[in-house]
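Participant: These protein sequence lines are chains A and B, in that order. Numbered according to our numbering, the first sequence spans residues 1 to 425. Numbered according to our numbering, the second sequence spans residues 1 to 223.
FYI, nobody ran anything at the bench for these hints, they're computed from the structure. No residue lacks a Cβ here, since even glycine has one placed at the ideal position from N, Cα and C. Do not take every clue at face value.
[Claimed, not checked] Restricting the straight-line Cα-Cα distance to at most 30 Å, the calculated cross-link-like pairs of lysine-lysine (DSS-like) are: (1) A/Lys332 to A/Lys24; (2) B/Lys220 to A/Lys9; (3) A/Lys184 to B/Lys39; (4) A/Lys3 to B/Lys220; (5) A/Lys9 to A/Lys370; (6) A/Lys74 to A/Lys95.
[Unchecked claim] Selected chain B positions facing chain A (Cβ under 10 Å, derived; list incomplete): (7) Ile52; (8) Tyr86; (9) Ser188; (10) Asn197.
As a plain string of letters, each chain reads:
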Amino acid sequence: MKKSLLFEKPQGVRDFLPDTAADKRQIEREISESFASWGYREIITPMFEYMDTFRMGIRGAEDRVFKFVERSGKTVALRPDMTAPIARVAASLLKHSALPLRLSYTANIFRQQEAVAGRDTEFTQSGVELIGDPSPDGDAEMVALAASTLQTIGIEGFRIALGQVGFLHGVLEEQVADSSVREKLLAALADKDYVAFEQLVVKETVEPTRSTLLQIPKLRGGVEVLAEAGQLTGSELALQALQNLAEIWHVLQIHGVTDYVQIDLSLLLGLNYYTGAVFEGYAPMMGFPICGGGRYDELVEKFGRQAPATGFIIGIERVLEILERNGKFAPKQRVLLCYTLPEREQALRFAGFLRDRKIPVSALLVSDPKHGPTVEGSVTCNVSADRLTIGEGQEGYTDREGISLEDLYQVFRNQLRNQQGGSEE
Amino acid sequence: MTDQRLTIALSKGRIMLDTLRLLQQAGIPVPEDLEESRKLILESPDGRYRYILAKPVDVPTYVEYGVADLGIVGKDVLLEAERDLYELLDLGIGVCRMCVCGLPDGKGGSVSRVASKYLRIATEHFRSRGQQVEVVYLNGSVELAPLIGLADRIVDLVETGRTLQENGLVIHEVIVPISTRVVANRMSFRLKSEQINSLVEGLREVSAPLVQAQNDLLAKTNL
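Throw the hints in and build the complete structure from the sequences for me.
Facilitator: Here's what the structure looks like:
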C-alpha cells in the first residue's frame, strides 16, 4: 500500500468549500423548516453507536458499515442510517411520550462503498420519522411532505413512485407454493432485474400463474393500476395492500400532490425491512433517487415498544447538485472594508452598522487605501472620513432594499453626527 | 424541463451489429454512418435518440449515473459490474456461456488458482461451491493461463468453443448463460417511462424469436 499523500482523503468523502457549504446549509435549513411546519421536531443522536443497535434495522449488507472496537471490547459503528437510532430513542428515552411522535433530523451517514463505484461514503440525509400512526393518512403525509419539501426548495419536474410491499408478498404467496422460488422472485424484483424475474416465472410456473406474475412489472401508472391489479389476485394480503394504496391516494388527492405520484406495484426498496407503503423520488438530470422511504411497522418493536412507523429521507448532496446546476443560488456578495489607521474607529463602527443590517462584512487595516486587496466574492471599499469609495473596476453593492453602500455610509455618518450632537446638548 | 430525448449507450464490439439490426427492425432510427463513424456521440436523424458508443464495461456506469437513459450490454458485464439499474429485456443476441475451463485433467477438480477477466463472477462462483480460490486478473488471451501453468482453471465467456478446442482446453462447468440485455437508469425509468416502454416493447417483439431460440437451446443443453 502506498503511503497517502498529504492532500489525499479516504475514498468517498468530500470537502465543501465555503460557497457550496453555504448552499448546503441553506438547503438543510429550508428542508428543516419545511419539516417543522408539519409539526416535526428535530432530534440529534450520536454519530456512532453499538453495532447491535444498527443490526436491528440494517437495510444493506452489514459489511458496508464502518465498525471499530471500543476499549471495553464492544463493537461500535458509524451510523449507516438514522432510522434505528430514532427507533431506539422512541422506545427508550421517549418511552413515555404519547404517540404519534414526529421527529426529524439532518445527519451525516456513513456507508463503505466499492472502491471504483464512485459513490459517497459519507453523505447527508434529512428525514422524518412518524412513529405510532398506522393510518393511510400517515403514509400519505410522508409522500405529501416529501413533495411539498422538494417543491419548497425548488426541485422541478420530480416524480415519486409509490408501491406497497404487501401486494407482492400476497400475490406470490397465493400463486407460488414453493417458498424458495418466492424468495428468488422477490430478490429479482428487489434487484430490479425483470429479465431474471421473467425467466424464473417461465421456468417455475405454469398458466394461469405465469400470465398473472408476468403482469407484475407492468403494474405502473396512475390510480387505475390499482383496479387492474385487483383483477389479478384474490389474496387477502394483496387486496388489503391495494385498498391501503387507494386510501393513501385519496388522501394525496386532498393534499393536492397526485400529479407528482405514480403507482408502481413492483417497487421494493431492499428486502425484509419495509412492511407497507414505500416510495422513492426522482428528478430530471439526476441519475440517482433523491428521496425515499416507507412504512416499517416492526422495527421500533425490536427496541421494546410496539409502535408502527413510517418515514423518509431526502439525499442532501443529490438535491444540492440539482439546485446548483439549475442556478438556485445567487452569488453571495460580501463587503471588505479597507481603512487606514486614522479611520480605524469610523471604519469599525461602520462595519458594525452594516452587520446590524445583515450585510456580511469584514474589515482590514491597510497602509495604502488606494490599493486594497481584491478578494473573490467581496466588494472592496475604502473608508475615508467623509466618504466611501468602491474599489476600482468593481461593481457596487446594494442591500436588500436596494440602498447602495455609499448611501449607507452617509446614513451612518448622519446617525453618528446626530448622536454626537445629542450628547453635546 | 426534462430532456425528452432518449440517450442510449451501445456496447462497441461483439454485439454491435446485431444490436443495430434489432434497433432498425424495431423501427428505431439509427444514424446511417454509425458503424463507420469515429464519433462517440451520434444523434438519430429525427433527433429523438442520441447514441453513445462505449466500451461494454463502461455501459453500466453511464446508465447508473444517468448520463445514458438506456444501455445495451452483455449480462457478463452486468454481473461483473453490479450497478444499480433496471434490467428490462433480454435481446437474445450475443448468446454465449460463462464457463469454467481448463485442461482435460483427471484430478477431480482441486482448484487453487483461477485466471479470469471476471474477478467477481469467478470469486462468487467458487465461493458458492464452498471453495476458496485465488483469482488472477488477466485482461486478454485468458486461455493461455492453463497452458503455461499460471492457473488451473480459467473463467471466461465461451461462444463457439473453437478457441478452447484449438488450445486443447475443455469446459469443466457452465456457470451461467449470457446474452445481451437492455438496462435502464432508475430516474429515466420513471421520468421517461412512456418512451422507454414503447422502445422496449418494440424491441421485445423483434427479439422474441431469438430469445425463444436461445431458451430452446438452453433447454436442450440442460441448463
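Participant: Now look at each hint and say whether the structure bears it out.
Facilitator: Structure-based check of all given hints:
1. A/Lys332 to A/Lys24: Holds, because 13 Å separates the two Cα atoms, which is no more than 30 Å.
2. B/Lys220 to A/Lys9: violated, 54 Å
3. A/Lys184 to B/Lys39: Outside the cut-off at roughly 42 Å; violated.
4. A/Lys3 to B/Lys220: Violated: A/Lys3 and B/Lys220 sit about 55 Å apart, past 30 Å.
5. A/Lys9 to A/Lys370: Distance of about 42 Å is beyond 30 Å: violated.
6. A/Lys74 to A/Lys95: holds, 25 Å
7. Ile52: With a closest approach of 14 Å, the B/Ile52 hint is violated.
8. Tyr86: B/Tyr86 check passes; min Cβ-Cβ to chain A is 4 Å, inside 10 Å.
9. Ser188: It holds, given that the least Cβ distance between B/Ser188 and chain A is near 8 Å, below 10 Å.
10. Asn197: Result: holds, 9 Å to nearest chain A Cβ.
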